[in-house]
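Could you slot chain B onto chain A? The hints should help.
Residue numbers (the working numbering), protein chains in the order written: chain A, 1 to 116; chain B, 117 to 263.
None of these hints come from the bench; they were simulated from the model.
Treat the hints with care, as some may be off.
Partner residues aside, some chain A positions facing chain B, computed with beta carbon under 7 Å [unchecked claim]:
#, residue
1, Val22
2, Val26
3, His41
4, Tyr64
5, Lys91
6, Ser93
7, Glu98
8, Thr101
9, Tyr103
10, Thr107
It should be emphasised that the depicted structure is a prediction, and the values quoted were computed from it without experimental measurement.
Ideal Cβ placement from N, Cα and C applies to all residues, glycine included.
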Amino acid sequence: MINELIERIFTDFTVDGKSIPVSFLVYNGKATTYVTYQQIHADDALGADDDIVAYVDYYDFDIYSKGNYISIVEAIKSLLKANGFTWQPIKSSGDFYEPDTGYYHKTLNFAIERSN
Amino acid sequence: MAKFKMELPDQILKDFERIYGGTDKIFGGMTKAGAEVVYTRVKANVPAAFRDSDIMKTMRLSKQYKTPTDDGINTQVMFDGYFYTKPDKYGKRHIAPAPLVCNMFEYGSSKHKYPKHPFFRKSFNKAAIEKAMLEAQKSLSGGLLDD
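Looking at chain A on its own, in the form it has when it is part of the complex (with noise of 0.2 Å):
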């Protein structure tokens, strides 16, 4: 249900005119910057009469470039927020690079509360 919905908000996903792939877990095409998606981990946020009420949902945004990829992160970043996600700083990644790939790699981890 979350991978429809975040493949709804990156549907035609653009930035600075590029059009740029996200897809869940691999990408398997051509293009040489791209973003992949997965769940990390879920935790629980509320508990009631012996069960979980609502849970949190943390997913990992995987940015691959080999150019400037600082336009690409806020972008994930402001559709993500409008659409229910919260941004978690210490869950993301430093910057990386892959000397043998010339990949620069960021992970944004984002956050959504859902009900059980």
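The following block gives chain B in isolation, referenced to the frame of chain A:
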């Protein structure tokens, strides 16, 4: 004019003094208790490849320390320093930085053969950490600070 004078009982004043004088010890012990919860969970959540690797020797709790900017009291759970990798196909062991290897597992890479295996972030369970910290608060304050 009516006057009312109230004195706090000596015992309460002594209790306040005891708490005030022992805040660093109490807060330090609380962060340590919380960090121990995370340490145990990280240990349980590490990728299978870590279990018989020397990287586990680099995992530890920091000393309790104060951050100068805000006087915050902290205890860190960390993978710190370098370790010898398992032998490669030539039988050679390499020295690798533990935090870098942890980051690769935690966040993955663009290469599909290295999918992410988050183990560190998901070890921070807020409810379990708070419970341990409150228990430490109660015991370190001699029962004066309870919840």
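Non-conforming hints, listed in increasing numerical order: Checked against the structure, the only hint that fails is number 1, while the rest are satisfied.
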